[in-house]
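> Next come the chains, spelled out residue by residue.
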Amino acid sequence: MTDAKSFPLNAWYAAAWSHEIEHRLEARTICDKDVVLFRRSDGQVSALEDACWHRLLPLSMGRLQGDEVVCGYHGLVFNAAGRCTYMPAQKTINPSACVRAYPALEKHRLVWIWPGDPALADPAKVPDFHWNDGTEWVGEGGTFYNLQCDYRLVIDNLMDLTHETYVHAGSIGDEAITSSPFDVTHTDTTATVTRWMIGIEPPPFWAKQLGRPGHVDRWQIIYFQAPSIVVGDVGVALTGTGAPQGDRSQGVNGAFLAAITPASEKSCHYFWNFVRTFRTDDEQLTREINKAHVNDGRGVYDQDHVVLESQQKAIDKNPRLPFYNLNIDAGALWARRMIDRMLEREQGNSAHVPSEAAE
Amino acid sequence: MTDAKSFPLNAWYAAAWSHEIEHRLEARTICDKDVVLFRRSDGQVSALEDACWHRLLPLSMGRLQGDEVVCGYHGLVFNAAGRCTYMPAQKTINPSACVRAYPALEKHRLVWIWPGDPALADPAKVPDFHWNDGTEWVGEGGTFYNLQCDYRLVIDNLMDLTHETYVHAGSIGDEAITSSPFDVTHTDTTATVTRWMIGIEPPPFWAKQLGRPGHVDRWQIIYFQAPSIVVGDVGVALTGTGAPQGDRSQGVNGAFLAAITPASEKSCHYFWNFVRTFRTDDEQLTREINKAHVNDGRGVYDQDHVVLESQQKAIDKNPRLPFYNLNIDAGALWARRMIDRMLEREQGNSAHVPSEAAE
Amino acid sequence: MTDAKSFPLNAWYAAAWSHEIEHRLEARTICDKDVVLFRRSDGQVSALEDACWHRLLPLSMGRLQGDEVVCGYHGLVFNAAGRCTYMPAQKTINPSACVRAYPALEKHRLVWIWPGDPALADPAKVPDFHWNDGTEWVGEGGTFYNLQCDYRLVIDNLMDLTHETYVHAGSIGDEAITSSPFDVTHTDTTATVTRWMIGIEPPPFWAKQLGRPGHVDRWQIIYFQAPSIVVGDVGVALTGTGAPQGDRSQGVNGAFLAAITPASEKSCHYFWNFVRTFRTDDEQLTREINKAHVNDGRGVYDQDHVVLESQQKAIDKNPRLPFYNLNIDAGALWARRMIDRMLEREQGNSAHVPSEAAE
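Sequences listed follow chains H, A and E, in order. The first sequence: position 189 = 189 (our numbering), numbered continuously. In our numbering, each residue's number is its place in the second sequence (first place is 1) plus 1000. In our numbering, each residue's number is its place in the third sequence (first place is 1) plus 2000.
Just so you know, these hints were derived from the structure itself, not from any lab. Here the structure is a predicted model, which means the values were calculated and not measured. Every residue, glycine too, gets a C-beta built ideally from N, C-alpha and C. Among the hints, a few may not be true.
Below, computed lysine to any residue pairings styled on SDA-like, alpha-carbon distance capped at 20 Å [to be verified]:
| hint | chain 1 | residue 1 | chain 2 | residue 2 |
| --- | --- | --- | --- | --- |
| 1 | A | K1005 | H | D316 |
| 2 | A | K1317 | E | M2061 |
| 3 | E | K2313 | H | D316 |
| 4 | E | K2313 | H | D32 |
According to the in silico footprint, chain E covers these stretches of chain A (three or more CB under 8 Å from chain E) [claimed, not checked]:
| hint | segment |
| --- | --- |
| 5 | 1159–1171 |
| 6 | 1255–1266 |
| 7 | 1308–1317 |
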């Protein structure tokens, strides 16, 4: 067995929604590492290795005592830096006794942790996820915890929206997506896929949001930030009102937000949101849009869920690699190249687990 | 890991009952290969590899469009020969884009597929299973899909019916089976076990079928066709009426039919039927006999089911190999020798997975 | 894969409570060996390998015929010594046909079996478990069959009772356990941890048993017999009445009894009892104490159960070995050293699986 992983460790990953982390112990598995999260008295978030130094019981099975964690087996106490501050029945504390502390911070309504080398954990490197701040853009998302697939399959899914035509027919899918040309650009750490569909019948979801009859121009501008953030600037405007030229005032504009965090090589946590700049005070609409995405198996993301987990099972079973690619995969390929480059830098060439994509 | 398998690939295997395959996508796993089956507009059956060329999603999650299969993820289309005829958002189709098409045909009320080299798939080699045709012989069978055992354990079971005395006491089991002599003959691809029990009390099932008092002569003539068909010519006739000499007119004659298809090394699909030449118009009897075999855990085959899966678990756990054999295993040993020979021819000696049976 | 195990085979292990073994077939897995137990007509207990010589079906799926076992598949018969006495359809019995017979006997209300070399199975070596005889000491215990952890984790748990403070707060846990000094002694095959807590408030369970107000002296004298018996002499007496000096007449005295039998490397059967010398006629109290230990997830041992299985999962996931140890682990370390020595003698140094404990 090699230690090579399919995910870089030196990166900020979403670990929880801010509102999920209170003054109690909350367990997560991030990049194959068991982590216990809690909010300290000063409001900051801490993240410790979730295994007692002594006999490995998950610390999340213990309890908080002030801002320290008490193991639920023999009562060892660890402070927020992971250092042991109490051992039962002995006065001298082994100075090497500690659990790992992971850099953790909050930004854009999420808690982010850095599973790699703490010396490299620069807060300025937290991905730009400002759409999620809840000010200009409004929405209510959720999380698929432990989605049973490689996090890169979710990125593939989001970077090519032609799948909407087949997976989401009847809501956001439309033949126009497949037939419209698209453009792919990239920087060293981002890739952008831009697709404009001009003068089309709006698909049901967007017709409803726009609330006005007529043909529309539809846009999907998908933006990837390595290693695992995808943001889609999406919407429709009445045809001829200037949206392709920059004037979206006669349209409706939304954004889907995805922070995809590897849990293991074959599972991930998918933090999602769908935010909008129209009817931002309409809480009923907020709930409706949430339900359009996740709704007891009938939402758009529920449909993706089934496809992604089925795809992972097929990959596990099928020795045929690498994937074959189509033109539509251009965006996903750039994303995977960036991930591969991060892995090479981090693990060296020899330890490199190649992305399953190849042309 | 070696590629050696315990089942030959160059053989026709039952994949479904004819009535199960309609104009819709139906998934099966045959010899470790995921296959999607469907009936075309011309009534013929097609079998394709059940994994899209592009990103491996099972094609059985998509839909039929005429006689072509549309992938449920990105809409690639494959014709009945497995060739890709449509790719989303591109005009040029990669000429190498295809999924494997397996030779498939219908005969004797079953759909058969050939998971090996298509060039060798001679329709004339479909096993003789004419008892199942529903003309001279009448009955209604079923399938144990994904029985959790090596298909060869089912063959062992059927090739030696002394197990009836112990597993099926109270219905078809009888001490006479164990105490009566038997004879084993074979050709290059078949083996036959013949056992006559003369002047015995008929066991409950057969007493009921015969419907007349008195001692009987009971026969069990079990016929194996490599690699995985077993047919049993079974019945009873009043003693002294000439059945051993060839006149069965004073008796009742049935046949059990078994087409056992490897799903994986340790699971199989067991297509069974029990047909008869007596009271062939009696549909009530047909249902009764079906129920005597499979009846919510209480039927004869349900009893075998438990034994076979328990045996597989014991084999998995128990490092003691090979099996020890008794005289009663002579028929099963010939069957396994034939399978071994097919494997040797197909895989070469070095790749050969030896049958677990040895004397 | 090596054959080295974490448990010695040349030892008597509890396999069942005496009352569980009647004149019928009862399956157990002991030290990775499947065993079928039954009581013979003469009242003695027999233990055979639970896999037929012929085709490995568990004999426990068959039936008893007098004091012989009939296989449920083909009817082979094995006597209590494991020798085959009948084979179907053949007169000559293969003289090598037999299943393994394990030395088995009853003592101290338990059935013990010796999974190792029968020549070494000296009945005098059955562990001293006289507290369980039901004469001087009274109580009613139970078994956690297939507890999902290495049997040595249970020994660790019992050899250090500071865990009571954290795992069993509110019943038998108390800060005094952690703060009181303790003493560890040992012989070649036993280890003893002695802890006296002088002049303390009794914890709830003991206050109730004592039934008198006032401070108490509490004792916990834990006694290990290699490889897997732990007995705890525990109780409280009113402070100043001489208990530390040997006069326990003003107190209440109980004993917890643990026979921990490896089922596999990562599972075990935990036979437990809690016996007492006070109010021995009070059956209501007997039931109450039983319920205090196991009560649908709320008993003291239920709490240990969760901790032990969680710890095993953490060990499986966490590559960090060996364990780190504290002063409180001194008793457990002696226990593990004795087990290690037994393993070395039995398996030789090269095959030795080291205990996971190290200082």
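> Each hint: holds or not?
Against the structure, the hints come out as follows:
no.: 1; hint: A/K1005 x H/D316; result: holds (19 Å)
no.: 2; hint: A/K1317 x E/M2061; result: holds (16 Å)
no.: 3; hint: E/K2313 x H/D316; result: violated (24 Å)
no.: 4; hint: E/K2313 x H/D32; result: holds (14 Å)
no.: 5; hint: 1159–1171; result: holds (count 6)
no.: 6; hint: 1255–1266; result: violated (count 0)
no.: 7; hint: 1308–1317; result: holds (count 5)
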